[in-house]
Amino acid sequence: MNRDALVAALREIVGARGVLTRPSELLAYSADGLPTYRKVPPLAVFPGSREELIRVVRLLAAEHHPFVPRGAGTGLSAGALAEGDAVVIGLNRLTQILSIDPVNRLAVVEPGAVNLTLTRAATPYGLHYAPDPSSQSACTIGGNVAENSGGPHCLKYGVTLNHVVAITAILASGELVTLGNAAGESEGYDLLGAFIGSEGCFGIAVDVTVRLTPNPEAVRTMLADFTSIEAGARATSAIIASGIVPAALEMMDGPTIRAVEASIYAAGYPADADAVLLIELDGLAAGLDADVRLVERLCRDAGARDVRIARDEAERARLWQGRKKAFGAMGRVAPDLVVQDAVIPRTRLPDVLRTIHAIAERWGIQVCNVFHAGDGNLHPNIGFDSRNADEADRVHHAMREIMRACVEAGGTITGEHGVGLDKLEYMPLIFSPDSLDAQCRLRTVFDPERRANPGKVVPVHACREWTMAPAARASRVEVA
Amino acid sequence: MTATTGTATPVRTTADVVERVREAVARATPLRIVGRGGWLDAGHPVRAAHVLALDGLTGIVDYTPGDLTLTARAGTPLAEIARATMAERQWLALDPFGSPHGTLGATVATASAGPLAHAFGTPRDNVLGLEAVTGDARVIRGGGRVVKNVAGFDLTRLLTGSWGTLGVITEVTVRLRALPEVEESWAIATPDDPPTLDALLARLRTASVAPLAAELLNPALAARLALGDRPVLLLRLGANAESVRAQREQVAMLGDARPAPSEVWSALRECEPPGAAVLRCSALPSRLPETWALACRSTHAVPDALLHASVGRGIVRCIIPPGALTLGDAIRALRAFDGTVIAERLPAEHWFPSKSDPVRDRLARDVARAFDPHRVLNPGILELAP
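So the sequence lines, in the order shown, correspond to chains A and B.
Numbered by numbering that gives the first Met the number 0, the letters in the first sequence go through residues 0 to 479 in order.
Numbered by numbering that gives the first Met the number 0, the letters in the second sequence go through residues 0 to 385 in order.
For the record, the hints were derived by calculation from the structure and aren't laboratory data.
Any given hint could turn out to be false.
Said to hold, decoys possible - Straight-line Cα separation of at most 20 Å, DMTMM-like style, residue types lysine to aspartate or glutamate; simulated pairs:
1) A:K155 x A:E216
2) A:K323 x A:D273
3) B:K354 x B:E382
4) A:K324 x A:E260
5) A:K155 x B:E343
6) B:K354 x A:E186
7) A:K155 x B:E180
8) B:K354 x A:E184
9) A:K324 x A:D273
10) A:K324 x A:E314
11) B:K354 x B:E343
12) B:K354 x A:E174
13) A:K323 x A:E312
14) A:K155 x A:D281
15) A:K323 x A:D311
Stated by the list, open to error - Facing chain A, according to a computed beta carbon distance under 8 Å, are these residues of chain B, among others:
16) T133
17) G151
18) L203
19) A209
20) N239
21) S285
22) I314
23) S353
To be verified - What follows is a list of derived Cβ distance ranges for each label pair:
24) B:P352 x A:L97: 55 to 61 Å
25) B:D360 x A:N387: 54 to 60 Å
26) A:D300 x B:T205: 36 to 42 Å
27) B:M85 x A:R296: 23 to 29 Å
28) A:D300 x B:A225: 42 to 48 Å
29) A:G47 x B:T205: 37 to 43 Å
30) A:R353 x B:P352: 53 to 59 Å
31) A:G330 x B:P258: 56 to 62 Å
32) A:G330 x B:R244: 46 to 52 Å
33) B:A81 x A:D288: 58 to 64 Å
34) A:A7 x B:R26: 57 to 63 Å
35) A:L428 x B:R368: 49 to 55 Å
36) B:R21 x A:E360: 49 to 55 Å
37) B:A118 x A:I263: 37 to 43 Å
Glycine included, each C-beta is placed from N, C-alpha and C at the ideal position.
Whole structure, please, built from the sequences with the hints as guidance.
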């Protein structure tokens, strides 16, 4: 089927307005928040119902045509970009919250339902959806499933994996399958666990059953400020080691604080501090203040100048707004922003942050750190001007060195943004050829033709069968 | 045929496992993989001539208390991990049923969980990474040693609960937690009729209590644990002193609550007599009273059947002592349940297939073929059709 025939067949399913073909219309689907990757897809289709989604995938299956599922496009790893002739399947019209069961604390949602919308729908029942990526006002549950997304509060409550109990998925073959069990224990292999975080390479979630979490009885939000990053990192390690599990434990460094305070999102952070920790404790009301006192003492012992406790909901919301909008605030500082994502063991925070600072100085770039300190999940951000080739090159080198430093500290290359295209080159740093090959084999089980989000996650050239058997390689066409 | 032959040379390293798997492939002699071999022998017929025991592959490889993570070889007993972490006032919050001498590898391979799953989840929620030897003798690693990780496809979740059929797990990294400052347990006398039980559980859901575990016990099990001869709801509280004090007051308002000794939890873990048949019925937690009533009815003809339910998770576990003449009847009655019925351990002649779904079954078979192409790892234990 040629392109025109494919467009006609897709329009037959979703209507004329559900298929975008002009480059000007497709521009919005050419990136996912990462300025270093841009690719205008050849075609994007937007099913308006579950049935339409199923028919679209089955049509592409019959044509052996590749596709890329896309939620809100906030993934930051170039995972939602379409390469070659892959068709983007936009899930933004499948936004329904199909049911909420307040007694069993479950909700069934369509993949395009926005994360925050789900929490708002659960609010009347005193419940919320716990994973809360910073993009939660835009990102979708389907995208969260694909990336196994986290967020500040996953320190205590866990990531997407821990909150999804069942998924109805459509495989690239067009077959529907239920993974997991919403009403009881699951038997056999944990294919649900394998599907979550598979970055759209294993199929598309048609509906997702998630666990809802009771709103905590009490919440205390604190801001501790430090005159050095290291002191903030020491406080983080001390809190984690104490055994208190904060709902969230976020750090922002001096450059981030100043960017936030100069923006419309000003949160009242002390502008002369070199680090602040935003710490939230929640749970049953009784005993919570004892934990607050201990955390305050640990911060002061680590060198905090001041520890402030939000007096009311308004102050709490303001403190959080600065954190959640920090990326937006940094956008004012430079034309482009690379948001990195890596995880290190929490005891290594002080020395790795020192190393990142040294790397930034050596390459003459400005790094802002705003991150989930409690998990050891770093987000070094570099503002730059992509029109300046020399600067862009230095940014790239610095990023590579930062990733290597994190891996050498015992860490990993992504904590929540996924591999996509951006992290492909780092995969061999943490996985052996045999481990990468096992991942390839797993993908092939779900999608033998490797048509779902081709080219992402596993660098095929680094797998053992690829490196060890050049003759075999030459004899076949590799699409993954 | 079940495995009978013992190990020639004990396995001490991952390389030894690779060697044993390679041999098994070369000689076409499948392996029955076991931890210490005395625990969680599911009784499911495994067609293997040789046993690959991992009880020599022991030891904690890395433990950094400040990171709350621990890496140990698969044959390390849970009791050894408990000892090491206790010294730092930390714990691995997994308490699978059976002896504490069971191994970390077996816990993860079988995804076994106990009462603490109420608050801390099952192995899939606590395992951060692992190393395994696949059926074609390759060493693979999934995950890592950090608490958050989305790099690559999730081999860790895939291998967890795969019963050794996709790879011999050789090393595991787990998430630890700090031990609660104060712990105490309470037993609440519980009504037997479903509506009253339902009302009690509804009050528990909305009370200002955050138990670490909440298990309902039938009279036989309550008696065995010296908690009287009526059904009881056993709650485990753990938090700072102030919180536990407030929760205790809430528990007192739920009903006739009496303190229970902390040892009651290890007694519960080890209550099943050797050779017992064990089945689990599960459905939505809101249906727990109904599931419980069904389990009680189905086993009423079995003398000394021990029943307990993880009320927050909607799971009822039925322990039927060996030699019960009415075992077949009990299994038939339990299987009539419209929820999920899983056999944890059964005499081979009573084993029944799990629910089938054509697409999911095909995915499972293809995964098994991809990771164990020669079918040398625990063949038959998951009853995948060839």
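Right, here's what the structure says about each hint:
1. A:K155 x A:E216: Status holds; Cα separation ~15 Å.
2. A:K323 x A:D273: Holds. K323 (chain A) to D273 (chain A) sits at ~19 Å (cutoff 20 Å).
3. B:K354 x B:E382: holds, 11 Å
4. A:K324 x A:E260: OK: K324 (chain A) and E260 (chain A) at ~11 Å, within 20 Å.
5. A:K155 x B:E343: violated, 31 Å
6. B:K354 x A:E186: At roughly 8 Å apart (the allowed maximum being 20 Å), E186 (chain A) and K354 (chain B) satisfy the hint.
7. A:K155 x B:E180: holds, 18 Å
8. B:K354 x A:E184: At roughly 12 Å apart (the allowed maximum being 20 Å), E184 (chain A) and K354 (chain B) satisfy the hint.
9. A:K324 x A:D273: holds, 19 Å
10. A:K324 x A:E314: Holds, at roughly 15 Å.
11. B:K354 x B:E343: Distance ~15 Å between K354 (chain B) and E343 (chain B) Cα, so the pair holds.
12. B:K354 x A:E174: Holds, at roughly 19 Å.
13. A:K323 x A:E312: Status holds; Cα separation ~16 Å.
14. A:K155 x A:D281: holds, 9 Å
15. A:K323 x A:D311: Holds: K323 (chain A) and D311 (chain A) sit about 18 Å apart, inside 20 Å.
16. T133: Holds. Min distance 7 Å.
17. G151: holds, 5 Å
18. L203: violated, 12 Å
19. A209: holds, 6 Å
20. N239: holds, 5 Å
21. S285: holds, 5 Å
22. I314: holds, 6 Å
23. S353: holds, 5 Å
24. B:P352 x A:L97: 55 to 61 Å: At roughly 31 Å between Cβ atoms, L97 (chain A) and P352 (chain B) fall outside 55 to 61 Å, so the hint is violated.
25. B:D360 x A:N387: 54 to 60 Å: holds, 56 Å
26. A:D300 x B:T205: 36 to 42 Å: holds, 38 Å
27. B:M85 x A:R296: 23 to 29 Å: Between M85 (chain B) and R296 (chain A), where Cβ atoms are some 25 Å apart, the hint holds.
28. A:D300 x B:A225: 42 to 48 Å: holds, 45 Å
29. A:G47 x B:T205: 37 to 43 Å: holds, 40 Å
30. A:R353 x B:P352: 53 to 59 Å: holds, 58 Å
31. A:G330 x B:P258: 56 to 62 Å: holds, 58 Å
32. A:G330 x B:R244: 46 to 52 Å: 49 Å Cβ-Cβ, so the 46 to 52 Å window holds.
33. B:A81 x A:D288: 58 to 64 Å: violated, 31 Å
34. A:A7 x B:R26: 57 to 63 Å: About 59 Å separates the Cβ atoms of A7 (chain A) and R26 (chain B), which means 57 to 63 Å holds.
35. A:L428 x B:R368: 49 to 55 Å: violated, 30 Å
36. B:R21 x A:E360: 49 to 55 Å: holds, 50 Å
37. B:A118 x A:I263: 37 to 43 Å: The hint (37 to 43 Å, Cβ to Cβ) holds, given that A118 (chain B) and I263 (chain A) are roughly 41 Å apart.
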